[in-house]
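What follows is the residue order along each chain.
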Amino acid sequence: MGIEVLIGSFGNFPKHTPYYPQMKTLVSILVLGIFSISNALAQKKVTVSGYIKDASNGEILPGALVTVTNPDLKASSNSYGFYSITLNPGKYTLNYNYLGFLPSQKVVTISKDTTISINLSSSSKMMDEVVVTSGRKSENVRKPITVTALSINKIKELPPMLGEPDVIKSFQLMPGVSTVGEGASGFNVRGGGVDQNLILLDEAPLYFTSHLFNLFSVTNPDAMRDATLYKSEMPARFGGRLSSVLDTRMKDGNNQKWTGAGGLGLIASRFTIEGPIKKDKSSLIVSGRRSYTDLFTKQSSDPAIRDNSIYFYDLSAKMNFTLSDKDRLFLSGYFGKDHIEVAKRFGMQWGNGTGTVRWNHVYSPRLFSNTSVIYSDYKYKLGVLNNPGTSFEWNAGIVDYSIKNGFNWYISSKSTAYFGVEGILHEFSPGKAEPTDAASSFNTVAMPGERAAEYNAYWDHELNLSDKFSFEYGIRYSALQSIANGNTTVYDYEGEVGKRKQPVNPQNFSDWETIKWYHNVQPRLAMKFQTSTNSSVKASYSRTAQNLHLVSNTIAASPLDIWTPSSYNIRPELADQFSLGYFRNLKDNQYEASVELYYRSLENQLDFINGAETLLNRHLPGDMVFGDGRAYGSEFFLKKNEGRLNGWISYTLSRAERRNPIFTDYYPVRHNKTHSLAVVAVYELKPRVVLSGTFNFASGTPTTLGDQQFEFDGRVVQYNSAVSRNNYRVPAYHRLDLSTTFKNKIKPGKKFTSEWVVSLYNASNRKNPFSIYMRQNENDPSKLEAVRLSVFGTVIPSVTWNFKF
Amino acid sequence: MKKLNIFLLLLLNLAFTACEDVIDVDVAAGKRALVVEGWLTNKPENHFVKLYYTKGTSRESAYPALSNATVTLRDNLNNSEVLTEVSPGKYQISNLKSVEGRTYTLSVVSPEGSYEAVASCQRMCMVPDSITFKYEKKSTIYEHEGYYPRIFGQELEGVGDFGQIKLYRDGKYMNSANDFNLFKDEFVDGNYITNVELAVYRPFQKGEVVKAEIWSLTEDAFRFLTDIQIQLQNGQIFASPLENARTNIQKKSANATDVVGYFGTSLVSSVEKEVK
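Sequences listed follow chains E and X, in order. Read in order, the letters of the first sequence are residues 1 to 805 in the working numbering. Read in order, the letters of the second sequence are residues 1001 to 1276 in the working numbering.
By construction, these hints were calculated from the structure, which means they are not laboratory data. All C-beta atoms in this analysis are idealised placements derived from N, C-alpha and C, irrespective of residue type, glycine included. Possibly wrong hints are sitting among the right ones.
Stated by the list, open to error - Over 12 Å on every C-beta distance to chain X, these chain E residues come out as not near it, computed from the model:
| # | residue |
| --- | --- |
| 1 | 70 |
| 2 | 110 |
| 3 | 111 |
| 4 | 182 |
| 5 | 299 |
| 6 | 308 |
| 7 | 405 |
| 8 | 463 |
| 9 | 556 |
| 10 | 717 |
| 11 | 724 |
| 12 | 804 |
To be verified - In silico BS3-like cross-links for lysine-lysine, where the CA-CA straight-line distance does not exceed 25 Å:
| # | chain 1 | residue 1 | chain 2 | residue 2 |
| --- | --- | --- | --- | --- |
| 13 | X | 1055 | E | 783 |
| 14 | E | 106 | E | 281 |
| 15 | E | 432 | X | 1184 |
| 16 | E | 74 | E | 640 |
| 17 | X | 1050 | X | 1172 |
| 18 | E | 344 | X | 1055 |
| 19 | X | 1172 | E | 499 |
| 20 | X | 1251 | E | 499 |
| 21 | E | 381 | X | 1184 |
| 22 | E | 298 | X | 1138 |
| 23 | E | 783 | X | 1050 |
Whenever a hint applies, use it, and build me the whole structure from the sequences.
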């Protein structure tokens, strides 16, 4: 693809015309939906609505099920715990269900719109420790949209790495989710890149999700409520990334009594305190975590150890206020930072900070709205210290300001719509390096800033046409405005394919001037056909667009990788995904089983020429190439939800490939794993002893090795004569992790409880290869040797003491 | 960029129990290519162009030479010479030396095909005036204890200077992957370069004589050497995919065998000091 083609096609609006037939279908469905709305209005129905909460602490229960018999109707609470169900006036029995909680029943005669808020109690004292799903009983079969949800309690049961339960690593045990290897931050969903997942923490996006190169995820498990992954279908209310959405929610804080929890581990400790500001009305939760290896290394007499300092911390706080029956206000903030200093010579820091203000308002029993204002800041810093003449400091970052307004409209008992608008302003500082000495060899180097605004609107409608057939269709419109950040010059890039392209045709823009617009219409459709009470077949199609791109040329994403928006030379990435699945629950939802097939095609995938400079490069687009890709696979999942022994088995058979103008044949991507198996088992040996284990097996990832070699100036050089990518497969990976939790006796009358978690990560002590590469032989620089890199070369034991009061 | 990668690699070793093991891999030997390796400088000695073939990775055999090729070098002032093959595959440049601003064309005619490389001689990028040594104890950054060299000198005004600093220990060229020092003036243009540490695999010890040669490079030559450097220092989790080093050797006949390598020209200036 020549650059002329690229530029020539930029101006078309809307560019992606092949989907007009689907669009037409959607429009007719939309009309159908509105019909059912007017029907609903005509019958003068009444609505029961309210919140569903945990009686012990006032935490909302999202995804709790409300059922009515005669007629059979179902509704579930939304992510704020709000539900709404519309009925003919009359006498009803309302059943409230949430897995791990005692069901609650209300017999009511309803003649007008009624508010019924319900507090559910845990089904046993120990029960909240063994809750397996986040409560979405039978939802996997019933709903057109499939979600993968893990409650924080479940995550805490899995064998932890160095004693810290980890949300992101837990999802890597799910079908279709993988990682390029240990130590690699983020995760890959259905062959997508790590930058193609939208990771939300209370609606604020996180750009880099790990502490200490993925030893830990940035979210503190004690402050988390649950996490939901959307990978098969992405409802139209989500967007901005191609592959998936990981929606993590923080706890609201106990509004009944003050409680605390924490853990002391070998590397890090955490502490959370929560309680009512005003009972039943408002609460506060504050949670902190810090690693402390640096405190020990500082004491060392060996300067080689003493002069290094590595630590991370994170802090989150959330307050919520019930202002009235109709209004709730949430304030939440997160701040996390990693700090690394080596031999007092190199320093590096990175961190996310987010702040969210949310306002829930119930306009009517059938219209719920959430308005959010979100600030998110990702920064990193790198420096050479104490080296006169060459010391410098380098700063880069992204700041996002977003405002969103979303509505849940409970149109009728068979029809729910989600619609809303969003606006996001991104400010990018791709890097500024400044000398820190008076007499320096370096000049100040500042990369021009970038700026982009995203405008999104969506309509997402779930319709249960009959007991058998229901579907959710949606449409998401997203516009990206590339805006000058300061006086900006943009160029076209011309040159040979595969070589660095030269800037031509400079065009100047002044601060805040629009450089370019991109528009994308993204249809989404998910359909469910109920084949029996316990089984269903689902099919879906999603188009997704992505306007933020990670500029990374390495196997694992590093915290120093920069993000760049769609801009004059970078078009939005696009994906189309088709999924087909069979879902079946067995033995009264004790077991969940599913088989899913998917095919995804990708456009405008960012890649780089040989020797591209991805940092401090003013003409980065000249080093970029754009390719396409495809990913397909099948996913098998069997999960046992209840009982002393529970857990799951997931298996994925898949392939993910890319091609671009340089590598014109499809090649497997670096994170492609043909087979991937995860077995998770949690066994309650005794009431106070829980054993858990996970086993992972995955095919080796592909890599590129030279097949020929030569020498130049006394050094050996590899040559890949086939000029192909990923011609060699790293050996297969398998890992066993084990842990045991010992719960201490609860003293009568005391609410203090504690437990010990002893774990072995990589219990089989396997040197799993992360990659294989060639290097020069130390003693003979004219020779190459192959090296296997194992990120964890040994078994890693850990002990953690957790407590609650 | 390179420094960053080394830095990340280092951190990784700190953070993890990462380990590297040398293993045997069996990569199917691909298709061999012709290698052209040659560099012309202003140094008084004779220069050579080597022609030979690549071999399968980690194969013990020697590189097969390409003999009996006609190798010609000429400059843009029409000075030219035909190189003489002094040993199999090794062709000697006897008369021409590189002169700032001149462009040189190397032609190779052989049964494998005809090839041509064009290289111009750039001005000296940085005039070195001294080397100093700093003693470093063993630490996370310095794997070995000893004297690490630092260079000083004036960088010339005007962006676009590139160079390589080659180090010699007691007259022996240091060619390990970590003795690679490349230089560009994008971020230091016109400055007095002060106290810049040079990368060495093993530091120097007292009594050793250290020579640093600065070779001026074109941007193209700089990129070729950078490609090799990235390859040689590429590993760990932040590695980038293996890429073939760019070449300036062009095929001039149909069906010519694929070719790799480089023909470059440089001005060389040096500074020498004994570690005391």
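Hints versus structure:
1. 70: holds, 60 Å
2. 110: holds, 60 Å
3. 111: Residue 111 of chain E is indeed farther than 12 Å from all Cβ atoms of chain X, at 65 Å.
4. 182: violated, 8 Å
5. 299: holds, 17 Å
6. 308: Given a closest Cβ separation of 6 Å, the condition is violated.
7. 405: Holds, since 40 Å exceeds 12 Å.
8. 463: holds, 47 Å
9. 556: At about 4 Å from chain X, residue 556 of chain E fails to clear the 12 Å cut-off, so the statement is violated.
10. 717: Non-interface label on residue 717 of chain E violated, nearest chain X Cβ at 5 Å vs cutoff 12 Å.
11. 724: Given a closest Cβ separation of 9 Å, the condition is violated.
12. 804: holds, 30 Å
13. X:1055 to E:783: Holds. Residue 1055 of chain X to residue 783 of chain E sits at ~12 Å (cutoff 25 Å).
14. E:106 to E:281: holds, 23 Å
15. E:432 to X:1184: holds, 18 Å
16. E:74 to E:640: Roughly 24 Å separates the two Cα atoms, so the pair holds.
17. X:1050 to X:1172: Measuring from Cα to Cα gives roughly 20 Å; hence the hint holds.
18. E:344 to X:1055: The given pair, whose Cα atoms are some 44 Å apart, is violated under the 25 Å limit.
19. X:1172 to E:499: Not satisfied, since the Cα-Cα distance of roughly 36 Å exceeds 25 Å.
20. X:1251 to E:499: Roughly 17 Å separates the two Cα atoms, so the pair holds.
21. E:381 to X:1184: holds, 23 Å
22. E:298 to X:1138: Between residue 298 of chain E and residue 1138 of chain X the Cα gap is close to 17 Å, so the pair holds against 25 Å.
23. E:783 to X:1050: holds, 18 Å
The structure is inconsistent with the numbered hints 4, 6, 9, 10, 11, 18, 19, although it conforms to all the rest.
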